[in-house]
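Chains as they are written, first to last, in the numbering used here: chain P, 21 to 444; chain E, 21 to 444; chain Z, 21 to 444.
Just so you know, the hints here were simulated from the structure itself, not pulled from any lab data. Among the hints, erroneous ones may be present.
Some but not every residue of chain P turned toward chain E, in silico, with C-beta under 8 Å [to be verified]:
#: 1; residue: Arg309
#: 2; residue: Ser313
#: 3; residue: Phe316
Cβ-Cβ distance ranges computed for the label pairs, FRET-style [to be verified]:
#: 4; chain 1: P; residue 1: Ser345; chain 2: Z; residue 2: Gly329; range: 39 to 47 Å
#: 5; chain 1: E; residue 1: Glu143; chain 2: Z; residue 2: Gly266; range: 54 to 62 Å
#: 6; chain 1: E; residue 1: Ala221; chain 2: P; residue 2: Asp188; range: 57 to 65 Å
#: 7; chain 1: Z; residue 1: Ala430; chain 2: E; residue 2: Asp132; range: 37 to 45 Å
Yeah, the Cβ is synthetic: ideal placement off N, Cα and C, and Gly gets one too.
What follows is the residue order along each chain.
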Amino acid sequence: MTAGADMHALVAELYPICRSITGDGLRETLRLIGRDLPLQVTEVPSGTEVLDWTVPREWNVRDAYVADAGGTRVIDFRRSNLHLVNYSVPIRKRMPLADLRPHLHTLPSHPDWIPYRTSYYEEAWGFCLSQRQLDALPDGEYDVVIDSTLAPGHLSYGELVLPGETEDEILISSHVCHPSLADDNLAGIAVSVFLARTLAARARRRHTIRFLYAPGTIGAITWLARNRERAARIKAGMTFTCLGDGHPFTYKRTVAGDADIDRAAAHVLARGGTPHQIIDFFPYGYDERQFGSPGFRLPVGSLMRGRHGQFPQYHTSADDLSFVSPDRLAESLRTVTEIVDVIDGNRRFRNLEPYGEPQLGRRGLYRAMGGTEIPDLQFAMLWVLNLSDGRPTLLDIAERSKLSFAAIRAAAELLEQHGLLQPV
Amino acid sequence: MTAGADMHALVAELYPICRSITGDGLRETLRLIGRDLPLQVTEVPSGTEVLDWTVPREWNVRDAYVADAGGTRVIDFRRSNLHLVNYSVPIRKRMPLADLRPHLHTLPSHPDWIPYRTSYYEEAWGFCLSQRQLDALPDGEYDVVIDSTLAPGHLSYGELVLPGETEDEILISSHVCHPSLADDNLAGIAVSVFLARTLAARARRRHTIRFLYAPGTIGAITWLARNRERAARIKAGMTFTCLGDGHPFTYKRTVAGDADIDRAAAHVLARGGTPHQIIDFFPYGYDERQFGSPGFRLPVGSLMRGRHGQFPQYHTSADDLSFVSPDRLAESLRTVTEIVDVIDGNRRFRNLEPYGEPQLGRRGLYRAMGGTEIPDLQFAMLWVLNLSDGRPTLLDIAERSKLSFAAIRAAAELLEQHGLLQPV
Amino acid sequence: MTAGADMHALVAELYPICRSITGDGLRETLRLIGRDLPLQVTEVPSGTEVLDWTVPREWNVRDAYVADAGGTRVIDFRRSNLHLVNYSVPIRKRMPLADLRPHLHTLPSHPDWIPYRTSYYEEAWGFCLSQRQLDALPDGEYDVVIDSTLAPGHLSYGELVLPGETEDEILISSHVCHPSLADDNLAGIAVSVFLARTLAARARRRHTIRFLYAPGTIGAITWLARNRERAARIKAGMTFTCLGDGHPFTYKRTVAGDADIDRAAAHVLARGGTPHQIIDFFPYGYDERQFGSPGFRLPVGSLMRGRHGQFPQYHTSADDLSFVSPDRLAESLRTVTEIVDVIDGNRRFRNLEPYGEPQLGRRGLYRAMGGTEIPDLQFAMLWVLNLSDGRPTLLDIAERSKLSFAAIRAAAELLEQHGLLQPV
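Just chain P, with the same shape it has in the complex (with noise of 0.2 Å):
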């Protein structure tokens, strides 16, 4: 629970700044994930063309509010920065409350929350309140204030790798771009650092895993435009969202359906035991989309709790620090960690004793006294001797016999020992 508690307070920690696709909530973002990793952050300027997009310019914040004729600031980004549409231009101007309503957005099914809106690629500004709010302005006159600035500038993304024996890349990709939401996504943010932590102390890696933390979107497509050949070394990857609410897990597959990434995700929820969702791949969500896309086709699925779009407190002010839970951070941390688990254990092997079964008994392998009963370990050793013709994976052994991967896994290394099987 210790790691539970540990990332529900990264949570908190994360929750009050105001991050958008660029600017300074995003880069402080960052300096909080990077504090004990080795973050590489990149900075990318205003206007530079990556794949069909353009770099925009960089968003800042320093105040925002509405305030009535008397001067009391009625709508007030002080209080929470989801009451300002994100990415909306400056404006200073006094107008009647008919002129603002169209500025103003609510969700009347529930009357107490403040929606999450953004306007990143169209000029625009606006602001989100509660429908008791709105309901509660008397008509008359208000100060709009937005002191934004929408400037050149650049954006920010950090990358934190973890060598292996192989270039062959495991991709964790969250994005960093919402402001106080925190399921989605300083959750995800908060397993990923924490998964980053629990691998960067192991000894060994068959493959080198590669953190992202990117706005969503834009910053996956940044990446991928300055990353086009080393893309094609991630073997496997996941988008972290929605990762500490009280939802059972989803798992969305990748584009082709069958990828590694796909059966790993689904060997270990199925064997966790607790309800869960396998679902298609869709072309909306997260940047699973932008990894996914024709031209890159990158093996990429998305491990979620709560569904995009899905649950109610989805992009509003309810998707607060109640609303994710140490448990549940927790128990998204140890899911993500057997998955790739499987995927970096995952090898093929040969039997070097092909022909009938090899006779255990006399390695010291084998229950001596014949009965009725066989230990998981000694059948696992029995599915891979016979299926490990060098073809199947130990994940496809795990899958046709029903067993956990990890019992085909210490099958396969005793075996291996035991000079029965040499890997492939």
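On the provided structure of chain P, position chains E and Z as indicated by the hints.
Chains E and Z only, in chain P's frame:
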């Protein structure tokens, strides 16, 4: 509903004619089918070798009856052409009821209905009547008269070809040999004729559409014998039968089972939202079995409502004008039009901006303000962009996205107009 | 029922013999199996290297017992050969019950049954007895006598080969090493022997049929070691075990899972109309695991009623003559005969009139008067004609048509006689 009423009127006009696999009734039927369409009629002489078969002698009937001793017609071809076993040889003879009985066919399970029977390839004669009629016949002598001719003549069939941009063909085949049976197959004929009128009015057709109106089995075999090479151009096809009754649709797959026509029919029927069945090919039924024979293996399925031999009215006098309705005919016409539209509109595209998602916003193809609901067309665009790497067809994309073919096709056209997509 | 009674009599005759993986009991068993059949017995010397194994010393027992201080035999091999742990080394010693106890094996969950235990590859000795026997033993001194020999000798196995028109083989393998256990595997042996008699009486066999009677594991391994090249001729096979008890059939698939034998067994069991199970291969059970090892990968499944280790009487004295019945043995014989018939009769044909349907009527193969019901054989002919383009086998056609293999085979023979079909 106009089309429905018009189709029912055509069924009613064709109903009284005594059709068979040859003869003047068949010719008159083709004349009525071709009134408003450029139907081309072919006459093939009796004795012509066609594949493993021979075109039979032509059969025509002037009169046929059984009269009692007092001269009263107790079974009369003029009242219903079903009373005469189709292809009966001529006879003029007085005989006791005991000798007549083996030539009389009834349906004891439906004592008011007249069955439909044929004896095309075995020389025989007979009458069909209701069980009640038979039960009412007193013993005694009867005059049996069949004033028919079986003589060298021709087998007739009609073809209507709507040229398209390519020589790839869609075949719509209806059998035209059944006498006074409304559903089997005047309904199929009527839907075919009105589909032809609908498609003839179109400005563009990618496929050439061929409508075949031929007698069952021997007609299809004759057409195939005379069109061995042309047949290979058929990329999709359906036989139309029993399309006017009240049963839900049944689509019978091609021999291959996964041809384009199979998938198009399944897609349209599934999205129609009404109960329906998809059944596997079996080598019985209508002319799909000839088109699908191993020498041709044409991808021809079969669409019907009531299934061959599976409803009590099948091949009886109860398959009359009241058994088919304008509404059902109209629904059938809508459905077959949609199926043909899927086949004709199904193409492959290549995404010209395949690296990441293209920025739809700056092309005016994307809502500006980030919220949580996405309209279908936009979703369709994202699916088309993601999957269009040159391999999947629009139908593949519709199936995978669970969106309608129409939405996927509209999205593809929009993206093609904006230079984001190129046909393969 | 004669065959059932005869098989039960053979089981009863073999029951008292003390079999093991070597020795005179095994030899006597092979002698009785071979009485009416040209069985060829092979003797392989102890110490022979066979694949990863070595043929062990030969084991024979003259006597074995535990006697109390008064000289009364409280455990006596002469009463049941299950009392002695199979392959026990010789011993002759007086000892207190406390020292004897670790060598005594019981089944506390079934206190009246004697378990069956072996120690082939670890030098050990022991006795098996019922829990009640054990509970009744007073403390005190006991004389332990095992008058066995473990000495250089031979491992014996028997083979019966019925030559066929081709060298392609069907293998029927039964283990013959278990002592007084009626179902496992005297029932399997009896069904194999009577299948051999049935097939030997046939005029034609396309396949060569090989019946193997060898001790479990080491016997199969020895046979494989001596027949590496011949083994490749095996196109289908089954191990027979536990075929006399009251459980429904279970067929265990080959490693590949979709071999001809898997499909033949599934077809016959499904059409048998009684409950049955088809289970996937797993590398435990009987000698299918040796035949299926990666170096050989022979398509050998396993047919059984009671499943290996899954019923309480398994490997206990309750697997006695009352546990198997003539009726079940007879049903097993019928079933295995049908499975072999499917394999042996499964061929590919080419339709010689592939363009359209051939006119069956003029060949006398079709009812003359058109009605609505079609007999099975006629339907089978249409299926065979439509699908026989040289690729599908008769079993493929039976599966697709949902008709019996027997009907499809009869149709193919009729069509072949009429010159419409040619074997490929």
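Now for the hints, and whether the structure bears them out:
no. : hint                              : result
1   : Arg309                            : 6 Å, holds
2   : Ser313                            : 5 Å, holds
3   : Phe316                            : 7 Å, holds
4   : Ser345(P) x Gly329(Z): 39 to 47 Å : 45 Å, holds
5   : Glu143(E) x Gly266(Z): 54 to 62 Å : 59 Å, holds
6   : Ala221(E) x Asp188(P): 57 to 65 Å : 59 Å, holds
7   : Ala430(Z) x Asp132(E): 37 to 45 Å : 40 Å, holds
In this structure, every one of the numbered hints holds.
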